[in-house]
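What follows is each chain in one-letter form.
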Amino acid sequence: MLLWVTVLSILRNMGSDLNHILEAQQFDRKIIEELFKSADKLEKKKDHSLKGKILAAIFYEPSTRTRLSFESAMLRLGGGVIATENAKDYSSAAKGETIEDTMQMVNHYADVAVIRHYEKGSAAKAASVAKIPVINAGDGAGQHPTQALLDLYTVWRELGRVDNLRITAVGDLKNGRAVRSLVYLLGKFKKISFVFVSPVELKIEADIKEYMGKHGMIFTETTSLEAGIKDADVVYMTRIQKERFTNPAEYERLKGSYVLARVHADSMKKGAIIMHPLPRVGEIALEVDSSPKASYFRQAKYGILVRMALLKRLLK
Amino acid sequence: MLLWVTVLSILRNMGSDLNHILEAQQFDRKIIEELFKSADKLEKKKDHSLKGKILAAIFYEPSTRTRLSFESAMLRLGGGVIATENAKDYSSAAKGETIEDTMQMVNHYADVAVIRHYEKGSAAKAASVAKIPVINAGDGAGQHPTQALLDLYTVWRELGRVDNLRITAVGDLKNGRAVRSLVYLLGKFKKISFVFVSPVELKIEADIKEYMGKHGMIFTETTSLEAGIKDADVVYMTRIQKERFTNPAEYERLKGSYVLARVHADSMKKGAIIMHPLPRVGEIALEVDSSPKASYFRQAKYGILVRMALLKRLLK
Amino acid sequence: MLLWVTVLSILRNMGSDLNHILEAQQFDRKIIEELFKSADKLEKKKDHSLKGKILAAIFYEPSTRTRLSFESAMLRLGGGVIATENAKDYSSAAKGETIEDTMQMVNHYADVAVIRHYEKGSAAKAASVAKIPVINAGDGAGQHPTQALLDLYTVWRELGRVDNLRITAVGDLKNGRAVRSLVYLLGKFKKISFVFVSPVELKIEADIKEYMGKHGMIFTETTSLEAGIKDADVVYMTRIQKERFTNPAEYERLKGSYVLARVHADSMKKGAIIMHPLPRVGEIALEVDSSPKASYFRQAKYGILVRMALLKRLLK
Chain G
1 MLLWVTVLSI
11 LRNMGSDLNH
21 ILEAQQFDRK
31 IIEELFKSAD
41 KLEKKKDHSL
51 KGKILAAIFY
61 EPSTRTRLSF
71 ESAMLRLGGG
81 VIATENAKDY
91 SSAAKGETIE
101 DTMQMVNHYA
111 DVAVIRHYEK
121 GSAAKAASVA
131 KIPVINAGDG
141 AGQHPTQALL
151 DLYTVWRELG
161 RVDNLRITAV
171 GDLKNGRAVR
181 SLVYLLGKFK
191 KISFVFVSPV
201 ELKIEADIKE
211 YMGKHGMIFT
221 ETTSLEAGIK
231 DADVVYMTRI
241 QKERFTNPAE
251 YERLKGSYVL
261 ARVHADSMKK
271 GAIIMHPLPR
281 VGEIALEVDS
291 SPKASYFRQA
301 KYGILVRMAL
311 LKRLLK
Chain U
1 MLLWVTVLSI
11 LRNMGSDLNH
21 ILEAQQFDRK
31 IIEELFKSAD
41 KLEKKKDHSL
51 KGKILAAIFY
61 EPSTRTRLSF
71 ESAMLRLGGG
81 VIATENAKDY
91 SSAAKGETIE
101 DTMQMVNHYA
111 DVAVIRHYEK
121 GSAAKAASVA
131 KIPVINAGDG
141 AGQHPTQALL
151 DLYTVWRELG
161 RVDNLRITAV
171 GDLKNGRAVR
181 SLVYLLGKFK
191 KISFVFVSPV
201 ELKIEADIKE
211 YMGKHGMIFT
221 ETTSLEAGIK
231 DADVVYMTRI
241 QKERFTNPAE
251 YERLKGSYVL
261 ARVHADSMKK
271 GAIIMHPLPR
281 VGEIALEVDS
291 SPKASYFRQA
301 KYGILVRMAL
311 LKRLLK
Chain C
1 MLLWVTVLSI
11 LRNMGSDLNH
21 ILEAQQFDRK
31 IIEELFKSAD
41 KLEKKKDHSL
51 KGKILAAIFY
61 EPSTRTRLSF
71 ESAMLRLGGG
81 VIATENAKDY
91 SSAAKGETIE
101 DTMQMVNHYA
111 DVAVIRHYEK
121 GSAAKAASVA
131 KIPVINAGDG
141 AGQHPTQALL
151 DLYTVWRELG
161 RVDNLRITAV
171 GDLKNGRAVR
181 SLVYLLGKFK
191 KISFVFVSPV
201 ELKIEADIKE
211 YMGKHGMIFT
221 ETTSLEAGIK
231 DADVVYMTRI
241 QKERFTNPAE
251 YERLKGSYVL
261 ARVHADSMKK
271 GAIIMHPLPR
281 VGEIALEVDS
291 SPKASYFRQA
301 KYGILVRMAL
311 LKRLLK
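Chains as they are written, first to last, in the numbering used here: chain G, 1 to 316; chain U, 1 to 316; chain C, 1 to 316.
By construction, these hints were calculated from the structure, which means they are not laboratory data. Since this is a predicted model, take the numbers as computed values, not measurements. It is possible that part of the hints are untrue.
[To be verified] Lysine-lysine pairs mimicking DSBU-like chemistry, simulated, CA-CA at most 30 Å apart:
(1) G:Lys53 to U:Lys316
(2) C:Lys316 to G:Lys41
(3) C:Lys88 to U:Lys46
(4) C:Lys188 to G:Lys46
(5) U:Lys88 to U:Lys188
(6) U:Lys131 to C:Lys37
(7) U:Lys316 to C:Lys301
(8) C:Lys242 to C:Lys270
(9) C:Lys188 to C:Lys203
(10) U:Lys209 to U:Lys131
(11) G:Lys88 to U:Lys188
(12) U:Lys255 to U:Lys270
(13) G:Lys190 to G:Lys270
(14) U:Lys51 to G:Lys95
(15) U:Lys95 to G:Lys120
(16) C:Lys214 to C:Lys188
(17) U:Lys46 to U:Lys120
(18) U:Lys242 to U:Lys190
(19) C:Lys88 to G:Lys120
(20) U:Lys174 to G:Lys95
(21) C:Lys301 to C:Lys312
(22) C:Lys51 to G:Lys45
(23) U:Lys51 to G:Lys131
(24) C:Lys242 to C:Lys45
(25) G:Lys174 to C:Lys95
(26) U:Lys316 to U:Lys270
(27) U:Lys174 to G:Lys45
(28) U:Lys95 to C:Lys203
(29) C:Lys95 to U:Lys120
(30) C:Lys270 to C:Lys120
(31) U:Lys45 to U:Lys95
(32) G:Lys316 to U:Lys301
(33) G:Lys269 to C:Lys312
(34) C:Lys30 to G:Lys312
(35) U:Lys45 to G:Lys95
[Unchecked claim] Here are some chain G residues the structure puts well away from chain C; computed CB gaps all over 12 Å:
(36) Lys209
(37) Arg239
(38) Arg280
(39) Gly282
(40) Arg298
Even for Gly, the Cβ is constructed at its ideal location relative to N, Cα and C.
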């Protein structure tokens with residue numbers, strides 16, 4: 001509750017522009033389109049405008065995919081990087097330092113901080129004492145707003161639009177942060193409908209459904225992959241995350257629930273795409289990789305570009 | 001004994017200028033003032049004079065605060081960084097390589113080496129075979145000379161002087177490296193007096209007292225925080241370091257010995273400051289953070305600046 | 001078998017030029033000499049031609065010596081670096097991601113990938129989906145081709161020739177990757193003879209002997225260090241690698257088999273050199289370090305130069 005007040009007060013102080021990036025909801029349509037156009041441009045033209053600036057990647061749990069994406073984005077813009085890969089075990093946090101105290105240090109070490117933490121709300125706590133922009137790169141069961149941004153930028157690049165979308169999300173919709181953040185982001189756009197495909201134990205939670213209702217999004221739920229993907233523009237596959245289960249037997253029972261095979265890919269609409277936040281551990285068969293619909297490996301490229309656009313905007 | 005001879009022979013070969021930075025005693029007043037004036041300048045004016053140079057951060061135990069401070073300093077000067085965060089477990093040291101052999105490698109990989117090690121005397125061992133400047137960034141129960149330098153630079157910036165100081169050091173004065181190194185450094189200055197506040201089990205050791213006597217410094221000892229801080233120009237709080245205790249029960253008994261509250265801060269002289277090498281784990285109440293006397297978060301900024309000045313001088 | 005076909009098809013597609021660096025055999029004499037001449041030049045003249053390029057160091061097991069060498073080489077050429085030090089435990093690999101999927105990400109994050117892995121064939125697997133050059137920096141019991149390249153460049157620099165060499169390799173010749181890769185590389189040169197000195201349990205394997213026969217190299221085997229080093233141009237010492245033994249008692253029995261002392265060094269031919277891939281754990285006595293024949297610490301310098309030449313060529 002206190003945390004929520006903190007977040008609100010931070011966001012309120014930001015006016016219409018961006019300061020800290022804490023959750024997908026804070027982006028409005030105008031900012032998103034500006035970021036995407038900027039990302040498009042950054043692919044075509046070298047830009048070293050962040051020369052002399054420093055990004056601090058403060059990761060309390062490892063996430064090589066996200067960390068290296070931000071680091072590469074910063075280097076491509078001419079900036080420098082300082083990083084800690086596993087601050088939980090290796091830094092002052094192990095000695096009991098709060099994230100606010102750590103942020104007070106980072107304030108003076110860098111020009112922008114990217115924070116990954118295992119506890120929901122951690123990035124917001126850091127932002128509450130930050131003098132430099134803070135980017136939430138995943139806070140436990142909370143959000144990962146730049147993942148949502150790169151997902152949406154993938155749609156923009158591959159389908160040429162971000163309205164009028166039928167998205168089928170498949171897998172662990174209860175624990176998965178990616179779908180959650182994507183729904184929040186798509187709340188800003190028109191004619192969005194979702195099909196949620198999951199085992200009953202891993203259904204999307206009520207707060208997301210409520211949010212969708214408030215923002216004019218339609219959704220249906222099913223346990224059938226075949227039924228779900230039939231009319232999709234985007235099939236968004238996710239991993240059943242072993243690390244979120246307390247009962248190993250339940251994980252073993254559910255992990256193979258949905259495997260997207262080539263026959264599924266081929267049955268999808270012409271021009272539709274298959275996405276995945278990665279890593280995958282079997283949800284998409286290897287035979288799908290050669291399908292033109294498989295856009296999950298191209299997402300890595302889009303992630304660099306959209307993070308470059310974001311860093312440039314935050315540090316301009 | 002052999003080690004001490006090594007250190008002496010290294011220092012003797014250095015003439016009046018700096019080469020390796022191994023212990024606080026080696027700085028003289030002239031060099032310190034030059035470094036501080038250089039640090040003052042570096043805050044105001046961009047300086048990329050270390051472009052093309054490489055700093056190697058070789059950390060045998062993690063210390064994110066120190067490592068990232070050096071890395072940020074090097075990047076701000078236009079240089080590059082190579083680093084290992086936990087060489088004890090991850091590098092050739094795990095296979096039994098000596099620090100001298102590791103240094104023979106670093107000689108060719110970088111232009112300056114920053115070494116953190118869990119054993120006293122390690123940086124001096126590395127320096128004995130070094131062809132590039134070596135900076136001791138903490139060697140077990142030994143020293144951490146750039147911490148002392150940044151502490152003194154904090155005093156220079158916040159109080160405007162480095163002579164005529166009354167410093168109250170609070171906490172684990174037996175095991176704490178920071179106070180030890182600060183005393184050594186202040187031996188070069190005039191009219192310095194210390195008040196040592198600690199539980200009887202964690203009193204400052206005899207060698208420090210002897211050093212103070214030889215260098216004209218006055219000190220008193222007390223177990224009372226209130227008595228200690230009354231007339232201080234600087235209150236230097238330190239953490240009771242869990243990792244130095246072999247008996248957990250003793251740590252538990254002593255850890256909460258001194259907590260500096262807002263009422264203490266307000267009772268201090270006008271213009272006095274509160275410092276801490278950080279991380280803190282409760283020795284300073286959060287309510288103190290908003291006091292203008294709280295300079296412990298500003299120390300991070302001073303640390304970058306004074307390390308920039310040092311790197312620039314070593315690599316000029 | 002499948003792997004071998006993969007490697008062959010990758011190499012075949014490369015024509016006469018370099019693309020991926022997977023094994024020592026792929027270098028021909030012409031390329032090696034070009035690389036060595038380029039390395040010679042890079043020592044004398046600053047070259048920032050890789051400005052704006054990014055090297056990704058993806059290490060599934062730590063190897064500080066190799067990782068920092070590549071990172072330093074890239075920085076000296078003006079490029080940038082992103083890295084993961086222990087991908088086995090820290091990255092998506094821990095969640096079950098294949099190296100091919102990881103490479104699909106790295107394709108978009110960097111301009112060249114340096115991969116160290118604990119399993120033979122891993123770099124080749126990554127190369128099979130790579131759009132950027134992949135350098136194998138050690139794949140378990142497989143190869144470490146740039147180690148062989150730096151070893152040979154050491155010979156080139158110290159002896160002034162790479163033909164007509166008598167090389168004595170000492171230690172664990174069964175498990176050691178370095179000697180293996182060096183033999184493969186020397187197969188391209190003239191009048192090469194080897195003396196293999198090892199305990200009977202750690203003799204060089206049949207495939208290497210067969211390769212030597214096919215490429216006109218002569219070899220003899222002995223268990224006597226004294227006999228082995230008598231007429232050598234190069235004595236190549238190696239460590240008995242504890243981590244390759246399943247039986248600790250056998251390691252204990254064999255580890256001290258050969259210790260090169262000063263008296264050995266002095267008994268070697270005038271102008272002969274002593275090499276070691278390092279780290280050493282006692283195979284070369286400290287008293288040897290001051291001998292002019294001891295070239296093992298200079299190898300670190302040669303490693304940087306030859307990797308710079310290689311990176312420059314791959315990214316030109």
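What are the numbers of the hints that this structure violates, sorted from low to high?
3, 4, 5, 8, 10, 11, 14, 15, 17, 18, 24, 26, 27, 29, 30, 31, 33, 34, 35, 37, 38, 39, 40
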